[in-house]
Amino acid sequence: ETGVTQTPRHLVMGMTNKKSLKCEQHLGHNAMYWYKQSAKKPLELMFVYSLEERVENNSVPSRFSPECPNSSHLFLHLHTLQPEDSALYLCASSQGTGTGNTIYFGEGSWLTVV
Amino acid sequence: GIQVEQSPPDLILQEGANSTLRCNFSDSVNNLQWFHQNPWGQLINLFYIPSGTKQNGRLSATTVATERYSLLYISSSQTTDSGVYFCAVEPGNMLTFGGGTRLMVKP
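Quick mapping for you: the protein sequence lines, in order, are chains S and H. By this note's numbering, the letter at position 109 of the first sequence is numbered 337, and the numbering carries on one by one without gaps. By this note's numbering, the letter at position 32 of the second sequence is numbered 25, and the numbering carries on one by one without gaps.
It cannot be assumed that every hint is accurate.
[As the list claims (entries may be wrong)] Label pairs and their computed distance ranges (CB to CB):
1. T13/H / E312/S: 29 to 37 angstroms
2. G324/S / R51/H: 30 to 38 angstroms
3. H238/S / M87/H: 26 to 34 angstroms
4. Q7/H / H307/S: 46 to 54 angstroms
5. H301/S / T72/H: 33 to 41 angstroms
6. W33/H / E284/S: 22 to 30 angstroms
[Stated by the list, open to error] Listed below are the simulated SDA-like cross-link pairs for lysine to any residue, each with C-alpha atoms no more than 20 angstroms apart in a straight line:
7. K268/S / W33/H
8. K269/S / Q35/H
9. K47/H / T330/S
10. K268/S / Q35/H
11. K269/S / L4/H
12. K250/S / W33/H
13. K269/S / N17/H
14. K264/S / M87/H
15. K268/S / P32/H
16. K264/S / G(-6)/H
17. K269/S / N31/H
18. K269/S / P32/H
19. K264/S / R95/H
20. K269/S / G34/H
21. K269/S / R95/H
22. K269/S / D3/H
23. K264/S / G92/H
24. K268/S / L96/H
25. K269/S / H29/H
26. K47/H / G328/S
27. K269/S / Q(-4)/H
28. K269/S / P1/H
29. K250/S / G34/H
30. K268/S / R95/H
31. K268/S / N17/H
32. K268/S / G92/H
33. K264/S / I(-5)/H
34. K269/S / S75/H
None of these hints come from the bench; they were simulated from the model. Where is the CB? At the ideal position from N, CA and C, for every residue including glycine.
Could you put the whole structure together from the sequences, leaning on the hints where they help?
Quick look at the structure:
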């Protein structure tokens, strides 16, 4: 238990569906992240929020839409996804975004797009 | 951007054996972390080690920042050590992950 909780753990969705991934951290951290992990690829940073403001967006397609209503919650809204978007989506948090911050990951949400 | 290479990509050990995993990076970094990802996807932070040596039970890590590499040592391996080991470096203030070493420990 790392203090970062993700739901759902598994999700299967069609290409025309709209779904959301949820992340909640109980660590009192100020920064939250979404990472994507595809087979045979390194983890890719998607979005970073610091104090509820987006500070990093690594050229992610608009069919992925993040939302950070407060420093403890982070969502990833999904719509009109493609089969190649199937992957493990990992949420993480850290005290801040500067150097020296240890990052803590959730258990991940396994997404399959059919 | 910075390149992070891990070796070996795959490793199979017999329970009780020792191993060394390597992480090379192409530029100076402010931060280096080692993670273990279990077969269910959970990533656990093992070490925060921008330089020097740290030990935690059967695991230890050494980073030689001037030579741009880090080593993770696993001694007396157990089947629960199986999974993927990632190093991640922070040249600025965002982590860049290596490709990982997939470890399987056989009973």
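Next on the checklist: Going through the numbered hints above, which ones does this structure break? Give me the numbers in ascending order.
Outcome noted: The structure breaks none of the hints.
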